[in-house]
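**Q** Chains as they are written, first to last, in our numbering: chain A, 1 to 385; chain B, 1 to 385; chain C, 1 to 385; chain D, 1 to 385.
FYI, nobody ran anything at the bench for these hints, they're computed from the structure. Small disclaimer: the values here were computed from a predicted structure and weren't measured. Be aware that one or more of the hints could be misleading.
[Claimed, not checked] The calculated EDC-like cross-link candidates involving lysine to aspartate or glutamate, where the alpha carbons are at most 16 angstroms apart (straight line), are:
no.: 1; chain 1: B; residue 1: Lys212; chain 2: B; residue 2: Glu180
no.: 2; chain 1: A; residue 1: Lys288; chain 2: C; residue 2: Glu108
no.: 3; chain 1: B; residue 1: Lys288; chain 2: D; residue 2: Glu33
no.: 4; chain 1: D; residue 1: Lys288; chain 2: B; residue 2: Glu108
[Stated by the list, open to error] Partial pick of chain B residues on the chain A-facing surface, computed with a CB cut under 7 angstroms:
no.: 5; residue: Leu28
no.: 6; residue: Lys59
no.: 7; residue: Trp61
no.: 8; residue: Ile64
no.: 9; residue: Ile92
no.: 10; residue: Met183
no.: 11; residue: Leu185
no.: 12; residue: Pro225
no.: 13; residue: Ala227
no.: 14; residue: Asp231
no.: 15; residue: Ser233
[As the list claims (entries may be wrong)] Quick list of the computed label-pair ranges, beta carbon to beta carbon:
no.: 16; chain 1: D; residue 1: Arg380; chain 2: B; residue 2: Pro171; range: 53 to 61 angstroms
no.: 17; chain 1: B; residue 1: Pro367; chain 2: C; residue 2: Asp90; range: 56 to 64 angstroms
no.: 18; chain 1: B; residue 1: Gln155; chain 2: C; residue 2: Ser345; range: 44 to 52 angstroms
no.: 19; chain 1: B; residue 1: Asn268; chain 2: C; residue 2: Ser328; range: 21 to 29 angstroms
no.: 20; chain 1: A; residue 1: Glu236; chain 2: B; residue 2: Asn268; range: 44 to 52 angstroms
no.: 21; chain 1: D; residue 1: Ala307; chain 2: B; residue 2: Glu321; range: 36 to 44 angstroms
no.: 22; chain 1: B; residue 1: Val320; chain 2: D; residue 2: Asn213; range: 48 to 56 angstroms
no.: 23; chain 1: D; residue 1: Gly168; chain 2: A; residue 2: Leu210; range: 45 to 53 angstroms
no.: 24; chain 1: B; residue 1: Pro105; chain 2: D; residue 2: Asp172; range: 56 to 64 angstroms
no.: 25; chain 1: D; residue 1: Val382; chain 2: B; residue 2: Glu250; range: 18 to 26 angstroms
no.: 26; chain 1: D; residue 1: Arg248; chain 2: A; residue 2: Asp368; range: 51 to 59 angstroms
no.: 27; chain 1: B; residue 1: Glu33; chain 2: C; residue 2: Arg260; range: 51 to 59 angstroms
no.: 28; chain 1: D; residue 1: Asn213; chain 2: B; residue 2: Lys319; range: 54 to 62 angstroms
Beta carbons are placed, not taken as given, at the ideal position from N, Cα and C, and that holds for glycine.
Protein chains: 4
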Amino acid sequence: MKFRHPLSRAISILLVLLLGAYAAQSQLQARNEIGIPDIPGYHVLKCDFHMHTVFSDGKVWPTIRAAEAWREGLDGVAITDHLEYLPYKDDIPANFNRSYEIARPSAESLGLFFFRGAEITRPMPPGHLNAIFLEDVDKLATEKWEDAIQAASAQKAFIFWNHPGWRGQQPDGIARWYDEHTMLLEKGWLHGIEVVNGDEYYPEAHRWCLEKNLTMMGNSDIHDPMAMRYDFSRGEHRPLTLVLAKERTEAAIREALFDRRTVVYWKNSLIGSPRFLTPIFQQSISIKNAEIELAPGGRVHLQIHNASQVDYELELTEKVEGFDVPQSLTLYAGKTVPFAVRSQSREVSGEQRLSVPYTVNNLKVAPDEGLSASLTFHLRFVKSD
Amino acid sequence: MKFRHPLSRAISILLVLLLGAYAAQSQLQARNEIGIPDIPGYHVLKCDFHMHTVFSDGKVWPTIRAAEAWREGLDGVAITDHLEYLPYKDDIPANFNRSYEIARPSAESLGLFFFRGAEITRPMPPGHLNAIFLEDVDKLATEKWEDAIQAASAQKAFIFWNHPGWRGQQPDGIARWYDEHTMLLEKGWLHGIEVVNGDEYYPEAHRWCLEKNLTMMGNSDIHDPMAMRYDFSRGEHRPLTLVLAKERTEAAIREALFDRRTVVYWKNSLIGSPRFLTPIFQQSISIKNAEIELAPGGRVHLQIHNASQVDYELELTEKVEGFDVPQSLTLYAGKTVPFAVRSQSREVSGEQRLSVPYTVNNLKVAPDEGLSASLTFHLRFVKSD
Amino acid sequence: MKFRHPLSRAISILLVLLLGAYAAQSQLQARNEIGIPDIPGYHVLKCDFHMHTVFSDGKVWPTIRAAEAWREGLDGVAITDHLEYLPYKDDIPANFNRSYEIARPSAESLGLFFFRGAEITRPMPPGHLNAIFLEDVDKLATEKWEDAIQAASAQKAFIFWNHPGWRGQQPDGIARWYDEHTMLLEKGWLHGIEVVNGDEYYPEAHRWCLEKNLTMMGNSDIHDPMAMRYDFSRGEHRPLTLVLAKERTEAAIREALFDRRTVVYWKNSLIGSPRFLTPIFQQSISIKNAEIELAPGGRVHLQIHNASQVDYELELTEKVEGFDVPQSLTLYAGKTVPFAVRSQSREVSGEQRLSVPYTVNNLKVAPDEGLSASLTFHLRFVKSD
Amino acid sequence: MKFRHPLSRAISILLVLLLGAYAAQSQLQARNEIGIPDIPGYHVLKCDFHMHTVFSDGKVWPTIRAAEAWREGLDGVAITDHLEYLPYKDDIPANFNRSYEIARPSAESLGLFFFRGAEITRPMPPGHLNAIFLEDVDKLATEKWEDAIQAASAQKAFIFWNHPGWRGQQPDGIARWYDEHTMLLEKGWLHGIEVVNGDEYYPEAHRWCLEKNLTMMGNSDIHDPMAMRYDFSRGEHRPLTLVLAKERTEAAIREALFDRRTVVYWKNSLIGSPRFLTPIFQQSISIKNAEIELAPGGRVHLQIHNASQVDYELELTEKVEGFDVPQSLTLYAGKTVPFAVRSQSREVSGEQRLSVPYTVNNLKVAPDEGLSASLTFHLRFVKSD
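Modelling step: build the complete structure from the supplied sequences, incorporating the hints.
**A** Written out as structure tokens, the structure is:
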């Protein structure tokens with residue numbers, strides 16, 4: 001017979017009181033803001049919509065997901081435990097809404113947006129799909145996957161296809177589009193696809209999002225404690241769905257997702273539309289001496305500061321007449337780098353606005369296409385002494 | 001009605017197959033050996049005998065405790081979930097042996113020594129006590145604490161008093177000895193005390209161990225994922241009980257604990273008997289040029305290497321006649337530092353064995369007493385050019 | 001006979017061409033901006049006015065001082081080689097203006113403010129004094145120290161007393177004021193004192209600056225390559241004189257120094273007047289949820305962000321009636337920390353502006369006095385559900 | 001007229017006294033031993049035979065080269081200032097033996113082997129050549145390069161060709177062999193080639209060393225302070241020539257160089273003969289559980305420890321009948337990694353010695369060829385429960 005000690009409630013209260021005195025004792029307990037700037041018209045909210053807990057096959061108690069997200073600088077998260085894969089169910093009886101209910105108070109006290117979600121976990125096709133903004137997960141526990149998705153749709157959920165190239169279902173790692181996905185799309189039951197899941201990027205999914213007007217998602221699908229997978233001391237971070245929201249509200253996040261206003265942040269890359277990548281890049285960098293004097297035939301160094309946490313990797317798109325500029329250039333995160341401009345001719349004078357065309361290789365607008373971006377500054381030719 | 005999907009078993013098998021291909025993908029998944037050397041006659045095994053999981057009030061699934069221990073370089077661990085404090089019991093029905101049963105296969109496949117344990121969690125006195133080397137935790141779920149301890153003793157458990165100065169039970173942070181502890185001691189039911197628990201060191205407990213011949217314990221008492229509490233990138237580590245075992249076997253760990261052959265490793269300190277601290281220090285350091293020539297009145301630099309991961313902090317115990325040597329000195333972990341020796345007299349000749357007496361402040365043999373240790377080398381006086 | 005190879009000029013040109021293609025190849029070659037914000041009315045320019053090169057007893061070629069300063073985020077520097085201490089003069093004939101002349105082109109191309117300086121290096125009293133903003137260092141090479149200082153003054157130099165407690169001249173490490181310093185002060189020949197030099201802080205000098213209206217200086221006095229003394233990977237930095245200048249010009253730096261508008265940045269401390277420290281602190285921190293709802297008797301977490309690179313160490317100055325707030329708190333550099341506020345009473349309602357008084361111990365307004373600063377926010381009491 | 005202050009000598013003595021009290025104050029001043037093990041029969045001495053100071057076009061005073069080498073764990077170094085390229089000669093009159101003479105006392109007090117050297121700096125062909133083990137550098141200051149080399153040879157110098165693919169002389173970065181090099185080789189005036197110089201590796205040079213029996217050299221060619229080029233906090237290191245010496249003596253280093261017993265250590269690679277790479281690899285790694293039990297059809301994890309500071313990158317050379325083993329594997333420096341072995345058949349029994357053939361890609365025995373190495377262990381099949 002199991003025993004419940006009569007003092008356990010008193011102990012519990014004591015613990016609450018003690019934890020009430022809790023303050024961040026080390027930098028580990030503090031929050032690292034993610035250095036990706038807002039852009040005109042939109043907040044760039046950092047979100048992860050795919051995480052697991054012990055209520056399916058994850059390895060942590062739900063509150064940990066809130067604490068991790070806060071420390072890592074996220075704005076919004078969803079726990080999406082499996083509906084059909086419950087390896088611990090002999091120890092933890094199935095209860096599909098519990099991980100949300102347990103973690104919500106923590107998430108709210110930390111100021112996070114926290115959404116109810118679930119992972120519909122089926123063989124391919126259609127594979128695994130996440131539904132978020134749910135009201136009652138229980139209703140998705142159906143025999144047929146179509147019913148589960150219909151139930152999600154009935155709750156006005158945002159539904160996306162997870163890791164379409166996952167080797168657990170596609171041993172060659174290549175994502176494939178099935179009739180089932182066409183059906184989902186036609187019924188309005190598929191709103192996005194994970195272009196990135198954990199360590200993997202799926203170029204096919206990237207293309208489908210572009211072709212079929214689907215929202216690009218990038219999520220961690222984390223099962224372990226986050227710090228066992230990502231080495232924050234080396235600058236590693238979980239994949240994120242950056243949501244371009246008009247306000248800092250739950251409704252605005254939802255609206256942005258359905259309107260396909262996302263950018264995926266994965267390793268040192270941002271994946272998305274030029275409509276969003278261009279202003280993110282422009283808000284990140286500044287030329288400290290953008291109006292500069294130069295001797296004909298001489299050389300000056302511009303100083304370019306990158307306020308974001310992404311190292312931008314630039315390659316010259318085409319040569320600039322009359323000037324030598326760097327063929328390739330990395331704008332290191334948080335640093336200022338020199339940018340040498342040399343005038344090729346000694347027979348020049350006057351002023352000139354120069355716009356140097358670069359491709360930013362790690363701002364991906366398509367699987368094999370970097371963002372076009374220009375570095376622009378004003379030169380005034382002066383006679384050197 | 002909760003639904004169990006008919007394919008979940010297939011999925012489960014698939015996952016196992018996939019995980020079978022798992023290899024350490026990053027340095028995070030590798031093991032860091034702990035740099036504290038073995039000493040003549042004993043293996044110095046790195047152990048943590050106090051950890052929690054979701055089966056009491058911890059925040060992780062039991063297998064995580066094995067994975068963390070392996071990565072952090074431990075040799076042996078015990079999960080010691082609370083018997084009486086089960087805040088998640090509505091979601092996870094009490095099952096006192098489960099965390100051990102779940103984690104054991106992981107621990108064994110990683111080559112860890114893994115012991116069954118439990119925390120008897122009572123108001124002070126007697127406070128919280130851990131029992132390890134148990135056979136059946138259920139038998140400790142008794143109404144009266146004396147019965148729980150008797151049940152542990154009947155299983156030949158090693159029993160130690162946890163965090164005697166914990167502010168949850170001693171608001172001023174000072175450990176106090178009660179009649180109940182005298183009783184435990186007299187009955188042979190108390191074998192050790194936590195001198196260190198998590199971030200806390202209890203000098204009173206240190207003294208009791210010395211006076212009453214009890215085993216010094218140092219444990220993490222971890223509830224969160226380990227990497228949320230310790231910043232490994234800054235060299236932080238959980239507290240450890242170093243067990244001086246005659247062999248690398250479970251039986252030898254047990255024998256060593258009952259024979260009080262432990263050293264506590266906490267932050268940058270080792271706490272224990274000179275009998276063990278002296279050889280650990282001596283096995284750690286080496287003087288690379290211990291036979292050296294010196295001009296009378298001149299100066300030479302010895303080079304002292306510290307192969308351990310402890311920064312040894314030395315202070316000169318008394319001056320050495322005829323020589324100037326450093327008043328204080330840090331032997332940095334894993335590095336070689338210069339040690340300047342100056343001869344004060346120009347009228348010396350011949351050879352000399354010099355033994356310079358230092359106190360190693362962070363090798364603590366008593367609450368306010370560092371280890372006495374000498375740096376010894378041979379000098380030969382030579383005329384300089 | 002020494003040989004000069006006829007091709008050396010060609011090689012030299014080749015090297016210049018090659019170096020023309022130079023771009024920052026690694027993060028090491030990029031610039032780290034120093035995270036201390038400007039304040040209303042003033043630019044906070046980061047300067048070091050005391051550095052050595054091989055032209056006295058330093059260990060680097062002068063251009064290195066410019067490259068280091070740029071990488072470390074400085075705005076202005078002066079090389080101040082010794083006039084009287086020239087241990088390498090048999091290899092490098094004395095030439096007091098050379099280190100400035102050699103380094104100036106590098107400094108200018110990097111956009112640094114670069115000032116001509118020298119260290120008048122005499123026994124105590126008066127000890128060592130630096131003169132900066134010189135026009136011709138040669139004129140300071142006089143027999144008597146009074147003449148050297150008069151020559152500096154005649155060039156309208158800014159003159160400050162270096163490391164007054166240096167153990168090379170004050171074996172006990174205590175700074176002493178001599179009649180010679182009174183004379184200097186009365187003649188208008190002494191404008192500042194190094195409150196900090198390298199690893200040392202001189203509380204006596206700090207007090208003299210307050211009493212006698214002298215400019216507080218903090219400089220590196222570096223001789224070695226900077227990266228051999230400061231471990232940037234651990235966040236170490238050289239000491240700096242922060243100059244509060246009305247513009248980003250040389251003249252404005254000069255004006256600020258003579259007007260005593262400086263703050264010393266040393267290790268994790270800022271030393272200066274509350275007039276400057278208060279706005280630096282206020283520009284650094286922001287409360288992300290400064291308007292917050294709270295249940296009577298309940299608790300909320302404010303989130304305080306510190307945008308600077310200083311960890312601010314706060315201690316509660318006095319208790320706040322009706323609320324529990326943290327007794328001590330570290331606002332970690334670049335991070336957001338939680339700040340728990342608990343209402344003590346369940347019988348409260350309405351709104352309240354709360355201003356919690358803290359002392360920031362590492363913002364030093366006097367040797368033993370931290371800055372007074374308040375954390376201010378608005379609470380609205382709401383009934384909890 | 002320049003002035004020499006009468007007190008400068010007193011100051012000088014004072015400084016010496018003060019520096020006499022110097023001890024390593026921080027980890028920066030300590031020595032990091034380089035983690036590449038000795039092999040049977042040979043010490044593996046870490047050397048850099050190509051460095052510059054202000055006595056040619058380097059940026060540091062010569063003693064800095066000794067201090068840097070000691071801190072970085074080197075055993076032997078040579079300063080090799082240019083003979084023909086002296087851009088600072090107006091400030092520092094040419095004096096070819098001075099950098100050696102100045103640095104030697106520092107190097108000796110630190111226990112370094114320190115060799116006199118010079119760089120013969122000519123247009124291609126023959127390009128730049130280093131001569132080390134010189135007795136008098138002045139004798140190499142000749143008009144014709146052949147005379148300079150003959151003078152070096154007359155002093156029994158070890159002569160090697162520097163950076164044969166340097167873009168300053170080969171704009172396409174490809175090393176070319178000229179008749180002049182054939183002449184040098186035939187006269188016995190060319191003993192080695194830099195396969196690595198700074199950031200560059202020259203595959204052509206690697207092949208020539210193999211074909212023509214020349215010593216492989218890898219050197220830094222450093223001009224700046226070392227810590228401005230290598231980020232030690234990220235594990236970066238200068239290129240090294242590892243010298244396999246029979247003893248720790250100067251003569252043994254010399255003998256090894258002429259006998260072509262070197263390995264080049266560059267970034268995360270070792271370049272050399274299998275005769276040396278094989279034992280270095282074998283001395284580095286150990287299998288902690290090399291005798292292991294395995295269930296037929298089951299799986300076990302070997303634990304492989306790599307005691308060196310090189311991450312070994314292994315790729316399976318061919319499949320092993322009856323077993324699944326990792327296709328690729330990184331043995332992280334200083335860590336233990338798991339190595340999964342799965343038995344494919346359930347119908348096996350007995351014992352088996354398994355030797356799994358891998359190619360270690362970053363141990364380069366030829367430009368495109370990694371070292372062949374086996375991981376060997378004993379399996380005993382046991383029935384699982």
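**Q** For each hint, tell me whether it holds in the structure or not.
**A** Going down the list of hints, with the structure as the test:
{"no.": "1", "hint": "B:Lys212 - B:Glu180", "result": "holds, 15 angstroms"}
{"no.": "2", "hint": "A:Lys288 - C:Glu108", "result": "holds, 14 angstroms"}
{"no.": "3", "hint": "B:Lys288 - D:Glu33", "result": "holds, 12 angstroms"}
{"no.": "4", "hint": "D:Lys288 - B:Glu108", "result": "holds, 14 angstroms"}
{"no.": "5", "hint": "Leu28", "result": "holds, 5 angstroms"}
{"no.": "6", "hint": "Lys59", "result": "holds, 4 angstroms"}
{"no.": "7", "hint": "Trp61", "result": "holds, 4 angstroms"}
{"no.": "8", "hint": "Ile64", "result": "holds, 5 angstroms"}
{"no.": "9", "hint": "Ile92", "result": "holds, 5 angstroms"}
{"no.": "10", "hint": "Met183", "result": "violated, 20 angstroms"}
{"no.": "11", "hint": "Leu185", "result": "violated, 24 angstroms"}
{"no.": "12", "hint": "Pro225", "result": "holds, 3 angstroms"}
{"no.": "13", "hint": "Ala227", "result": "holds, 3 angstroms"}
{"no.": "14", "hint": "Asp231", "result": "holds, 5 angstroms"}
{"no.": "15", "hint": "Ser233", "result": "holds, 3 angstroms"}
{"no.": "16", "hint": "D:Arg380 - B:Pro171: 53 to 61 angstroms", "result": "holds, 57 angstroms"}
{"no.": "17", "hint": "B:Pro367 - C:Asp90: 56 to 64 angstroms", "result": "holds, 58 angstroms"}
{"no.": "18", "hint": "B:Gln155 - C:Ser345: 44 to 52 angstroms", "result": "holds, 51 angstroms"}
{"no.": "19", "hint": "B:Asn268 - C:Ser328: 21 to 29 angstroms", "result": "holds, 23 angstroms"}
{"no.": "20", "hint": "A:Glu236 - B:Asn268: 44 to 52 angstroms", "result": "violated, 27 angstroms"}
{"no.": "21", "hint": "D:Ala307 - B:Glu321: 36 to 44 angstroms", "result": "holds, 42 angstroms"}
{"no.": "22", "hint": "B:Val320 - D:Asn213: 48 to 56 angstroms", "result": "holds, 54 angstroms"}
{"no.": "23", "hint": "D:Gly168 - A:Leu210: 45 to 53 angstroms", "result": "holds, 46 angstroms"}
{"no.": "24", "hint": "B:Pro105 - D:Asp172: 56 to 64 angstroms", "result": "holds, 59 angstroms"}
{"no.": "25", "hint": "D:Val382 - B:Glu250: 18 to 26 angstroms", "result": "holds, 19 angstroms"}
{"no.": "26", "hint": "D:Arg248 - A:Asp368: 51 to 59 angstroms", "result": "holds, 55 angstroms"}
{"no.": "27", "hint": "B:Glu33 - C:Arg260: 51 to 59 angstroms", "result": "holds, 56 angstroms"}
{"no.": "28", "hint": "D:Asn213 - B:Lys319: 54 to 62 angstroms", "result": "holds, 59 angstroms"}
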